[in-house]
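> Take these sequences, add in the hints, and give me the full structure.
Sequence order for the protein chains is A and B. Following the working numbering, the numbering of the first sequence begins with 1 at its first residue and continues without gaps. Following the working numbering, the numbering of the second sequence begins with 398 at its first residue and continues without gaps.
Hints listed in this document are in silico derivations from the structure and should not be mistaken for laboratory results. All clues given are correct.
Not everything, but these chain B residues come out facing chain A in the computed CB check (under 10 Å):
id, residue
1, Ile484
2, Gln505
3, Ser516
4, Asn521
5, Asn525
6, His530
7, Arg531
8, Ala543
9, Asn566
10, Gly574
11, Phe622
Beta carbons are placed, not taken as given, at the ideal position from N, Cα and C, and that holds for glycine.
The lines below spell out each chain.
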Amino acid sequence: MGRIFVTGIGVISALGDSVSSNREALKSGKCGISLLEMFSSKYSGQLPCGEIKTDNARLRDRLGETRRGITRTSLLALHAFKEAIADALLGPAELESQDTALIGASTVGGMCLTDELYHDATKDSGGSEYLSSYDCSSAFLDLQQVYKLNGIIDTINTACSSSANAILHGARLIRHGLAKRAIVGGADGLAKFTINGFNALRILSNEPCAPFDQNRKGLNLGEGGAFLVLEEESVAASKKSYAEISGYCNTNDSFHPSSLSETGEGPFLAMKGALASAGLEPSAIGFINAHGTGTENNDEAESRAMLRLFSPPPKFASTKSNTGHTLGASGAMEAIYSLLNLRYQEIYPSLHFSEPIQSTGLKPVLHYQPADLQHVMSNSFGFGGNCTSLIFSTPAS
Amino acid sequence: MIYIHQSSCISPQLSFPVPDLSRLVESSENQMRVVEPGNYAIPASVLRRMGKAVRIGVGAAIPLLKWAPQAAGIVIGTANGGMEDCIRFLNQIIEYDEGMLTPGNFVQSTPNAIASQMSLLNGNNAYNITHVHRGLSFENAVIDIAMLIKDEPSLTYLLGAVDEISTYNFNIDYLGGWYKKESISNLDLYLSGSEGSIAGEGAALFLVNGISRSAIACIDAIHTFHGKKPDLVFDQLRQFLDKYHGHEKNIDLFISGENGDSRLTGYYEEAEKLLAKETGVARFKHMSGEYPTASAIAVWIACDIFQNQSIPEHMLKKAPSAPEMKQILIYNNYKGVQHSFMLVSKV
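Structure, rendered in structure tokens:
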């Protein structure tokens, strides 16, 4: 079976609306987390979030999108998708081919319209323009329609690891000959639904998050869209590529519906399985884009899992300190950041860290630095114990 | 090749734990709600926290997980997961004006709560994933499982689909015109001639691997596509049969996803055009109601037909010629956009 390469990427986050603006922000250690202001909520002006300060009207305008019933999650997906396919030089012939799969991921989907949803769910007549837009798949059904996609089309929701699993699933479809190309990624808009959900779990920080810090206070929610174009070796051969997807593994922590086991069994097995599928020793990994949400539970469990598997753990950092936790978009967004690590042979710093967790003593990378990288790992762990690790490798020349 | 060794289904019919499809349970207020078992083999403390989707999904999975507590993969399709919990949490947000809320409903409402609860029951660390692609959620789970089996045919996996009716999704789809405005009984579903269907829900689960010995049935092939033109169905089905089947005559029974919505009948007629005159035609949405993962119930019914070699009279639109049911073709269409074909054969 042939190898699988990433030939195009697209991202929109609180750091910027393109791959290049995201990279510049990461290099300079910019934090995209700021007080919530774009929609009306009790938490507006109070809660720090990785919010994209471009309103829906402006996003629509830039995309030339005039259809009704399009949610913010859809707009973010469309935005990132457009950049990714242009980057991979895909035209209508490639997009409309039965060999092109689309695997999307979202956790909140159209429920970013929390108030509209409440009204449509409870009133007797009328109904808003969003009646068919609330579920997780609506953004990707939009993409199917706009780009007349004809291959396998799917949406995955495994909570915070959703789009890492979209990448994994797309790679498997190619490996099994069910597609030659898979456009994979995810999107989530900020929503009252998720803000209140995470707040009820008491894991939102009232300050910009400090992943892996002893005194971390929790996570910040973010929003965004991120897509990667994966292509089979024969299709990718004549193109530029960012890296090869060389390993992946999905496991379940099987401990608790909304927290990880203390020893990080699921994370440990996911990282171990990804190494095995890539045929790599732990020491081959040059850098880990950690899940690193900034919660008490995740950062300790992830640290313990890294300590168990690696001796010692490689350099690592969490870009959630730049973007907030973008939920359904985060796996793909962080995969893109990992690809930038490889392409430009550089590591971006983790922000807001000052003191290592006492019991683990691990310290993330704190300064921008050039690095000699061949294999980078990206971790995504979610509620329901859904853990996925991915490994990207530079094509051996 | 996906070989089905065990199946389990909680549906609006008498399907659990021992199926009896000859007696048809009637709908009420254009809804077909599941017949839940008197008691579940789930610890009370865990059961109390479960919303309906998680409860019926896990409840139907438990008899299968007894055979495979450490299934090598748990792959679930659900368009919406726990919608009732979702609306409860929404209500909390509105009623308490985003005050201090309790997180239980939020955690239970995430669609992956169903599959993860199945892993949690037995401390299973294996592959676990949830496909949520609306009317093709189950089909994408089938495609996923087919790949797992191709990699490791000797291992056993849990495959299934779950969706629930909630006040939330019923109201939204009602406003969207997907349920009938007039009140009808499921007994008259195919006679109404009006737009919309009746709502349904259910959980259908399968224990599968790549081993044919002692299997009930085999999912030989699957194809999914998106599109609004009815003649797409004709073209795609012809290609599908050419690729996987060879001859229409070998299809003993066609299970149609016809749901009484006058706007969708044309799609099913396109598929029927390609059938040989010997092929029987059966329908099932009067048993399950319409919902995004109803096609999983069709696969479960196919398994029941293979095992018992009898087709409930109320299902038949046209009786098959063959004395023995060996091969079944399922075509389902969700909201006129998402389509799937599955070929299922007796082992």
